[in-house]
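In order, the protein sequences belong to chains G and V.
Going by UniProt numbering, the first sequence opens with residue 1, and the numbers climb by one from there.
Going by UniProt numbering, the second sequence opens with residue 1, and the numbers climb by one from there.
None of these hints come from the bench; they were simulated from the model.
If you're wondering where the values come from, they're calculated on a predicted model, not measured in any experiment.
Be aware that a few hints might be false.
Heads up, the list lumps identical chains together, so a pair's fine if it works in one copy or across two of them.
[What the hints assert, rightly or not] Derived pair list, reagent style DSBU-like, types lysine-lysine, alpha-carbon separation capped at 35 Å:
id : residue 1 : residue 2
1  : 166       : 284
2  : 166       : 185
3  : 188       : 284
The lines below spell out each chain.
2 protein chains.
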Amino acid sequence: MRILILGAAGMVGRRLIAALCAEGSMEGQAITAIDAFDVVAADLPPCDGVTINSTAGDIADRATVEALVAERPEVIFHLAAIVSGEAEADFEKGYRINLDGMHHLLEAIRQTGGAYRPRLVFTSSIAVFGSPFEAQITDTFLCAPLTSYGTQKAICELLLSDYTRKGFVDGVAIRLPTIVVRPGKPNKAASSFFSGIIREPLAGHEAVLPVDDEVRHWVASPAAAVGFLLHAATMDTDMLGHRRALSMPGLSVTIAEMIEALREVAGEEVVARIRREPDATIEKIVAGWPRDFDARRATEAGFTADTDFASIIRAHIADEAARGA
Amino acid sequence: MRILILGAAGMVGRRLIAALCAEGSMEGQAITAIDAFDVVAADLPPCDGVTINSTAGDIADRATVEALVAERPEVIFHLAAIVSGEAEADFEKGYRINLDGMHHLLEAIRQTGGAYRPRLVFTSSIAVFGSPFEAQITDTFLCAPLTSYGTQKAICELLLSDYTRKGFVDGVAIRLPTIVVRPGKPNKAASSFFSGIIREPLAGHEAVLPVDDEVRHWVASPAAAVGFLLHAATMDTDMLGHRRALSMPGLSVTIAEMIEALREVAGEEVVARIRREPDATIEKIVAGWPRDFDARRATEAGFTADTDFASIIRAHIADEAARGA
Numbered sequence: 001m002r003i004l005i006l007g008a009a010g011m012v013g014r015r016l017i018a019a020l021c022a023e024g025s026m027e028g029q030a031i032t033a034i035d036a037f038d039v040v041a042a043d044l045p046p047c048d049g050v051t052i053n054s055t056a057g058d059i060a061d062r063a064t065v066e067a068l069v070a071e072r073p074e075v076i077f078h079l080a081a082i083v084s085g086e087a088e089a090d091f092e093k094g095y096r097i098n099l100d101g102m103h104h105l106l107e108a109i110r111q112t113g114g115a116y117r118p119r120l121v122f123t124s125s126i127a128v129f130g131s132p133f134e135a136q137i138t139d140t141f142l143c144a145p146l147t148s149y150g151t152q153k154a155i156c157e158l159l160l161s162d163y164t165r166k167g168f169v170d171g172v173a174i175r176l177p178t179i180v181v182r183p184g185k186p187n188k189a190a191s192s193f194f195s196g197i198i199r200e201p202l203a204g205h206e207a208v209l210p211v212d213d214e215v216r217h218w219v220a221s222p223a224a225a226v227g228f229l230l231h232a233a234t235m236d237t238d239m240l241g242h243r244r245a246l247s248m249p250g251l252s253v254t255i256a257e258m259i260e261a262l263r264e265v266a267g268e269e270v271v272a273r274i275r276r277e278p279d280a281t282i283e284k285i286v287a288g289w290p291r292d293f294d295a296r297r298a299t300e301a302g303f304t305a306d307t308d309f310a311s312i313i314r315a316h317i318a319d320e321a322a323r324g325a
Numbered sequence: 001m002r003i004l005i006l007g008a009a010g011m012v013g014r015r016l017i018a019a020l021c022a023e024g025s026m027e028g029q030a031i032t033a034i035d036a037f038d039v040v041a042a043d044l045p046p047c048d049g050v051t052i053n054s055t056a057g058d059i060a061d062r063a064t065v066e067a068l069v070a071e072r073p074e075v076i077f078h079l080a081a082i083v084s085g086e087a088e089a090d091f092e093k094g095y096r097i098n099l100d101g102m103h104h105l106l107e108a109i110r111q112t113g114g115a116y117r118p119r120l121v122f123t124s125s126i127a128v129f130g131s132p133f134e135a136q137i138t139d140t141f142l143c144a145p146l147t148s149y150g151t152q153k154a155i156c157e158l159l160l161s162d163y164t165r166k167g168f169v170d171g172v173a174i175r176l177p178t179i180v181v182r183p184g185k186p187n188k189a190a191s192s193f194f195s196g197i198i199r200e201p202l203a204g205h206e207a208v209l210p211v212d213d214e215v216r217h218w219v220a221s222p223a224a225a226v227g228f229l230l231h232a233a234t235m236d237t238d239m240l241g242h243r244r245a246l247s248m249p250g251l252s253v254t255i256a257e258m259i260e261a262l263r264e265v266a267g268e269e270v271v272a273r274i275r276r277e278p279d280a281t282i283e284k285i286v287a288g289w290p291r292d293f294d295a296r297r298a299t300e301a302g303f304t305a306d307t308d309f310a311s312i313i314r315a316h317i318a319d320e321a322a323r324g325a
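Chain G with its partners taken away, still in its complex shape (with noise of 0.2 Å):
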């Protein structure tokens, strides 16, 4: 079984690329390559039994993508993108490789034609609705984005859902919620601070919180993401029917309450370490993004979320550690 995976360098994809080599089959078929592409080659570690090509390229490029595609991976998982504050900031760039990737890679699929259609894993984001909200978002409630970002990948879905459709390929894509705690560095999203506010003081550094203890948000940790992805990859997607976009199960935690888990786990000290400083720009974009959910499809079609902010803030330290070692 081949597999490929674009937006394989990033935090997610990197995490994704672990677990199917530590699998090392995917429902009982062996994985024999994995085709990891992203805007810069990833350098991942060797992984047994398991062919790793690790290239780079512009997936708004069309003949790249075609390319990719004409591996014939059995299973795709799509989780490249601009992120939403850079999406926001370039226009053209943003529609560029968050729209016309994915419209390449369906078009590429589509082209090949015959008896090919391969499982396609697309993240999506809770960024796909927008303010004002019901109470618990529900999965009938209308997207209406906010953001360019929200935007391109609510169109997404629907050319993914289209695609299914017709019996071009076997599509799922799952509205992520905000990945917490992302290791490394700060990046461009919006939404970076929620990471930041925990694995920068645990590291020692100062964090910046730009909007009000009382903001509530929708988030998950990457372990959960990555069980998200392999799910999505070997379900059954019959009982989806033609609505193959998901929002997916997580927690809804305020600001207050992750720094009171933070307290909990890493003392007062650690605490100390968040400054407050509002940024009306992010204040702005972070209202317009909600704030809970009735994931049920998910929860039926048998995803399952992290239980308590504590436990994500644990596993971070323990993925910190086992990095360090």
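Assemble the complex: chain G is given as a structure, and chain V must be docked to it using the hints.
Just chain V, lined up with the frame of chain G:
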């Protein structure tokens, strides 16, 4: 004031132009020119004081659309589309005309830049919704289309809202109910029979009814559609916020109720010309279409619907008489 109409040769486009000519102005501003564009040049009657430029071309061609926008029309009506049945049969053509055409239009407007920010009225469709439905579809129900046509319209709505939010255009997407009674010949739309079973018997011809009498549908008259377009072109759009797509008000009627109204207006002899001939393909498409709406936002925004189906039939008879005269 200059007005651009894409899809000017269609039934709604021609009626819109007639209404604009009869009025001669919009919001107190004299209409000086109407650029009437379609895939074939519309043969339009002259219009006192208004220059009508009737041209033909392909909206999937970017340069063609750029040339139309270069005239800097203050109001643009985008009515051009491949209809549902044809977009389902020809996947590539549907995306090219219904999606690329809109994207070219939005890009041409954005790239004009400066203070240019025209009002863009886009005719979307209730085909953006797919079953299973709520009993009455509300303004916050998800777009989950079951046709490529509906998918293309839903994507255009998302693009229109995002380009509007970014300040490039002042867009309003109006989701038209099925227009009944369409004059002229049956077309390739799967919904064509909704008009056919009224129009053809009244003209002395047999009409085929491919679905069950209990099928319920959401309809509006041609006159109501033109009213929606004119209101969308002149309304205060601030009240719409960032959600620029609106389900238009309409009439929810069953086939049986339509036939009963035809009997009331035209008698049993006319009704007898309807021949029942079930068509599984059309039944399947129509089963995925909405039947009833709570079109609250549009009603609050001042859009008004037809009041009863017999009046729609009588208006059609009067229109046909005027056309014959």
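So, going through the hints one by one against the coordinates:
Taking identical chains as interchangeable, the C-alpha atoms of residue 166 and residue 284 lie at most 35 Å apart only when they sit on different chains, with a minimum of 14 Å there against 39 Å within one chain. Taking identical chains as interchangeable, the C-alpha atoms of residue 166 and residue 185 lie at most 35 Å apart only when they sit on different chains, with a minimum of 29 Å there against 41 Å within one chain. With identical chains, the CA atoms of residue 188 and residue 284 are at most 35 Å apart within one copy only, with a shortest distance of 16 Å there and 46 Å across copies.
The earlier numbered hints are all upheld by this structure, with none contradicted.
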